[in-house]
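Residue numbers (the working numbering), protein chains in the order written: chain A, 1 to 113; chain B, 1 to 112.
In short, the hints are calculated from the structure, not lab data.
Just to be clear, a hint being listed does not mean it is correct.
[Stated by the list, open to error] Quick list of the computed label-pair ranges, beta carbon to beta carbon: (1) A:Glu22 with B:Ile67: 40 to 50 Å; (2) B:Glu17 with A:Leu113: 38 to 48 Å; (3) A:Gln73 with B:Pro39: 40 to 50 Å.
[What the hints assert, rightly or not] To be clear about the criterion: a stretch of chain A counts as covered by chain B if any three or more of its residues have a C-beta under 8 Å from a C-beta of chain B, and this derived list gives those stretches: (4) 43-56; (5) 97-109.
Since we're looking at a predicted model, the values are computed, not measured.
Positions of the beta carbon are idealized from the N, C-alpha and C atoms, including for glycine.
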Amino acid sequence: SQTIHQWPATLVQPVGSPLSLECTVEGTSNPNLYWYRQAAGRGLQLLFYSVGIGQISSEVPQNLSASRPQDRQFILSSKKLLLSDSGFYLCAWSFGWQWNIQYFGAGTRLSVL
Amino acid sequence: GQQLNQSPQSMFIQEGEDVSMNCTSSSIFNTWLWYKQDPGEGPVLLIALYKAGELTSNGRLTAQFGITRKDSFLNISASIPSDVGIYFCAGPSGGSNYKLTFGKGTLLTVNP
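Bound conformation, chain B alone (with noise of 0.2 Å):
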């Protein structure tokens, strides 16, 4: 089935500092989602990627969907403490019209 490779699979960075992660597949995707989720809570959706190239924040949270439509990267600037959690790529199945495909995650810890 197919697969997202998301790297890194962890972070340990300073409060203050960008932080980049990205996600590839073997595969097209047509929809890339980027969720995160705090410790001990269900993941939340950060931002929703529907075209090749799109580029698009949401506060200091900046996702590309990739231009060969087999990656994208999810940005945060400045990060602060609550910055901290597990951040999943994820996009349809191939083959369903019901389920996602998601990274394994990546794991940000942020020092104040």
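If we strip away everything but chain A, and leave its shape as in the complex, we get (with noise of 0.2 Å):
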């Protein structure tokens, strides 16, 4: 069966630090990949997703970028942390035929201080 792993669960970053959230999918090939912030207010905000290797779709400009080095990894980037750019941070995967059944991780909480 498949299964996505994200870290970390919890992070506390300062203004102006860095960023790497990872995310990987096990027991599937080539799956479809997205990174979401999710904000208190409840919504989910797509922020990447990549449909192969290397190749990235970005919905919302801003602060972050995402990188696939390989089939089953997403990583989620920043140069410089905003206060901002604190939120939840949710990883999700579809595959084939079922491209439009997205499943999630269990998500970061990321606060920027």
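With the hints as a guide, bring both chains together as one complex.
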């Protein structure tokens, strides 16, 4: 069966510091991968998605970037964090003919102070 | 872009009561999804609907794909405290083969 791992679970970072969040999927090949951010207001905002190695689509121009160095690995990064980057970051995956069903990781709570 | 209007935004109910929430769109969807997010966790898929008029159950949960293909409903019967969380509807974003549009969620609180 497929599983998705996201780490760390929580992170407290100072303003101006770099960020690296990692997401990996096990049990499948060539998944579609997604990064979302959820602010306190509850809505899910799609940040990036990738349909293959090295391919990244950006949805919202901002202080973040994403990379997919391996088939089942998706990384969210920032060179310098802003206070507004605080939030709950979720990684998700989908696959094949069920591309429109996404499965989410447990999330990373990021606090930028 | 497409938007999903989810209502109500929040609900406060007593344990044992039934719950109903809905999601509407100005455009047609060919798939409707319902997710539940427990506090501090990622959303978990509850029910997927693929055909207009389809009625699907998952335990105490029942969801329906509206006949017009522009709405969907989720009902929870005999609520229990662990039903607490945020319920999201979602559907494929128009013009994209890979993205979903999410509603803003219904926050459910169950008083024991």
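Output the indices of the hints that this structure fails to meet, ascending. 3
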